[in-house]
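**Q** Guided by the hints, dock chain X onto chain Z, whose structure is given.
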Amino acid sequence: MRAWLLRRVAAGIAIVFAAVSLTFVAIHLAPGQPFLPPDERPMAPEVVARLRRNYGLDRPLPEQYLRYFVQLARGELGESFSQRRPVAQAIADAVPNTLLLTTTALAIDFTLGILIGLFQAARARRRSDVALANVTLFFYSLPTFWLALVLQLVFALWLGWFPTGGVTESALYGSLPLLGRLADRLRHLVLPALTLGLVGAGGTARFQRAALLEALGHEYVRTARAKGLAERAVLVRHAWRDALLPVISLAGVALPFLLTGAVLIETVFSWPGLGKLAADAISARDYPLVLATTLLATCAVVAGSFIADVLTAVADPRVRLTA
Amino acid sequence: MVFAATGEPTTLLPAVTTAAIERDVFDQIFLKLAEIGRDGGTFGDSGFTPELARSWEWTDPLTLTFHLDPRARWQDGPPVTAADVAFTFDAYTDSAVGSDDRTTLIEHIASVTASDSLTVVFKFRDRYPEMFYDATYHMRILPAHLLRDVPRATWQTAAFGRAPVGAGPYRFVSWTPGQSIELAADSTYFLGRPHLRRLIWRVAGNLNNAVTMVLAGEADAVEVLVTPANIAKAKADTALAIYPYAGSTYTFVRFNLRANGDRSKPHPVLADPQTRRALVLAADRPQMVQAVFGGYAKVPPGPMPQVWSWLWKTKLTPTPPDSTAAARLIHGRHLSFHLAVPSTSPTRVQYAQLLQEQYRRLGIELVIDQVDNPTLQQLLESGKFDATLESFVTDPTPSSSVPALWGRGGPTNYGQYSNEKFDALVRTASSSATQEAAQTAWEAAFAALAQDPPGIMLYALDNFAAVNRRVTDVHIQPDSWWGLVRTWRIPPNQLTERDRAGR
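Taken in sequence, the protein lines are chains Z and X.
Just so you know, the working numbering puts 40 at position 40 of the first sequence, and the rest follows in order with no gaps.
Just so you know, the working numbering puts 441 at position 441 of the second sequence, and the rest follows in order with no gaps.
Hints were generated in silico from the structure; no laboratory data involved.
Errors might be hidden in some of the hints.
Which stretches of chain Z does chain X cover? Using the computed rule of at least three CB atoms under 8 Å from a CB of chain X, they are [said to hold, decoys possible]: (1) 157-165; (2) 168-176; (3) 181-192; (4) 225-238; (5) 274-287; (6) 296-309.
The C-beta atom is built at its ideal place from N, Cα and C for all residues, glycine as well.
In isolation and in its complexed conformation, chain X is listed as follows:
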């Protein structure tokens, strides 16, 4: 089975990386204690399926005890123990390692200790509905016997990251830089040998090359098609089956509420809530989604991707375009501001141009600055911008990314947006005991955001994967696209020369 990869991993050591291409590969090699269910639910432990943990129980409201599967072994032989889990938590929360999940973990989990070789105890600092999710989702359990002696400050470049050893369904075989990464099914995998014998990621380098490889039959699958043109080409190819799934990305214009380059002063244009509301009303988002994606995306009523499907069932609706109301709010003032757009994303550049044209009709001057991603990131961190057009890949829950991006003091709230009512509602939503209560609170929070917009929520993508038709039992996991590859099959009569190679 050959996957066309749009990029190449930097390392396959899960604690130090967050990129999708890395996750695609290491999700086959490493396991979590339990995996999120196919419904993507993050409340309580319902829907979660056992992986390294065979079972679990709540000893008290703040103590969660996992019992590891005694059959689980590292691919180099030793059994997976509770000490490995404690070691993993220690590594993920060590600032020297630099895990992106560190903040979430130390905020909620006080300790992880091994009470015997197969029992591990999580002690939480507070009680909230997503405790189980936080205990299991962020960490892939790592082999302490192989990593204990590797200095934590060198994990980013550790040799282990280029030849990892896990306890998952596939073993690492080889990594030819710039070309491919190969994994082989582990015949001793304790949850049953996967059906596909070999997994190969071919480095295509970018989306266009990846799609071309799949269309030419040189690769069997590509995880995202993104553009309507790619979707149309893949649909027209009789060898390919298209699998739609909820996207985990949303794209937005972020306003800087502080002056460009001087955070001590308010922004002369965008600090005013009425002006920001006018800018939202002046943007015909449904028309833009139709023009660019031809219906393969939706206008989100808040900062939300499609993967948070339960939030889309609320009564929230996006603010409809209303150029008359926008003109009224502007009061004939001449508005002018810059929008920084990543030049590497033709879709976002196209969106910026559409927005520019819509604003021009109302006398608003939008100056588009095309910059590359490292420059965009620097502009954001230094506050030297008026507005940016960004995309964000989320977790399965809004509890972490929404306050981080839009909450007061959030680490990536680069626009310095501040809305006390919204912050309070987010806190309520994150601590709601039931999904229904959380849904109500998020609905109210996003309604507050719509009244005092920090930006313009432009689109949330429908994702489409293209997979060769000879592969059956294909399920795409929205939060980890190839997470269920272990269950895929190729019937014996459909095997090609590529599948049989190396037998």
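Chain Z extracted, bound-state conformation:
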């Protein structure tokens, strides 16, 4: 177990180092340069040159690379070019928003997906299964931004039930009581979380249905039925536990999403999360911010994979965490 752990940690560090290094080289060699104001008013070349000097961008690339990793080793992520403040602050502001959105979306995705999959498997090949299969396929195949725009149009613009975007109603939020603030946050969360959750649930349901149908064909299920167990008990207590394993792996793959966010949804709903932060950073050639979001995303992928392995071992006694 210890050897497995050490191996995973070493591999994780190597993966993170490689990802950040590749991103460093790629973003610096990509065409374009930082320090552009958002409107059509390019900065004077002398101002850009001075800014480049201030941020060390006039130094040779290998020197910048070394400086970056020395800085990183000290626990510093640098200054954002586009936000003119420490990268750590920008990340710290975006993380809670992304976590709120993505955990809610994943909760909708897996709760709804697993329940639908379970329901379909229990009624396999009946009309309700076929109907749900079509519905889940429909949602699964929808581009998220398209669904986002439709939900925004219907529920925000036409019906006015939910806001079109943002995290809170800025003008009112400060004067609301605690419950009012919670309700306000919830109202803003509904459409973006539902968009992500519905599309995700379409895939999860299909995955869960297939895994459960496969589990139902195993001999231990026939044995359980032969013992006279109720069909519900066979399905939930025996087959479902087995069918959860692939879903846990799916959750492991989905975990990084908690921190990488959802660029398109965050953009459509003006949600100030990590996905939008990373996309804006790339557009602005904000090298320190791009590298910090890459670092965070890679760490999330490594951690997600690690957690999925541990959870699989917990759920399946046949799996052993060995080197």
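**A** Chain X alone, transformed into the frame defined by chain Z:
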């Protein structure tokens, strides 16, 4: 009052920023010595209204003396003094600060000194008609007592830029990154407390989101609508009033007269004036304006936005399209060149496609390269382009941006255009003593440009702001859209829950 913001400021310290979204906010917090009049005139001091300066006089032709309003105070208490003005000039002209206005200021103003606590003296290097404009327009006066000890090289990231203190009608309250910026009316503002109690900018992130927020009633105003579709939606919304105003942007194709990536050689296609003239004649600009903007833009007869309204009153007219004459000038040659277009602007991409189609009919091959803005800027600075499709936001006067973009040696003359006659006429126009004389000289300068075109001037936008109807006394200032918000009102019977919040 909630504004839907298409972007988010990087800093609110005026000396280090030029972007419109930043100006929208800091124009409420900081004041100039005097504000440009509603007619947008930049000649002499007529039309300018006092702000921090109560009065001014010319001591001699090169010396301008301002007397500050003794009632003016910084929002943290101390009075605004002449030393603050001298400090501000020193900061704006310090290369360590990196102000975009530095070049203009040091070119014309020799010194700014405080002769007593409320009197400040500007000494100019030369005499020209826009001296007063240059002394007042570029600088928002900054508090020396708060910024003196902040190293100039760190102003770009200074904490002051995230919690500024000014002497204007609104105080800074909060900035929630990615979400909103809030200001509150300063009840002690020496020119009278503004009517709107709170101003909030909600970060929408892009134009579409901003317009959607206003249409949904979640924001009260958006400063530009840009597309005919947005204008139509806003006009159809009975809760919104539409305010047209002159746009300060013009969009153009810039030709590179030097070889792509090698400035030592002429461009094989675009160095030839006859070919450039043919390319202008082959572009049916009136048709493109109609197709894309449905009449909400004009074809400019020169490099000019609509905000220079006095220039539009000249006899200048855009070169009319003439494909026959264009074909004659081309002499059956096969022409081919690349046009770099910012992919983030659907309007400009659409224009590029229309242009491509019009040129195709004449056998001219136009290859469209869609690039993002940082790449476009790099292409321009390195000279690695044939032609670009750009927009430019101007100052209220042509004197600064026209020579910068199109004059020989101009800092942003990336196409290396050179026309001695044009340069001489621009110098004449910039030093003309009267507006009429300047108008005549600019007219001649733009006529010279039309004969030897550095690019194709495609369109100058009409701007439209959408503001909720419950807001009254709305005036949009073309050079600083929300510059007059302090005079806007919401009648008591029109106040909403949002307006009353926090009372």
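**Q** Compare the structure with each hint and give your call.
**A** Structure-based check of each hint:
1. 157-165: holds (count 5)
2. 168-176: holds (count 7)
3. 181-192: violated (count 0)
4. 225-238: violated (count 0)
5. 274-287: holds (count 5)
6. 296-309: violated (count 0)
Violation of the numbered hints given earlier is confined to hints 3, 4, 6; the remaining hints are satisfied by the structure.
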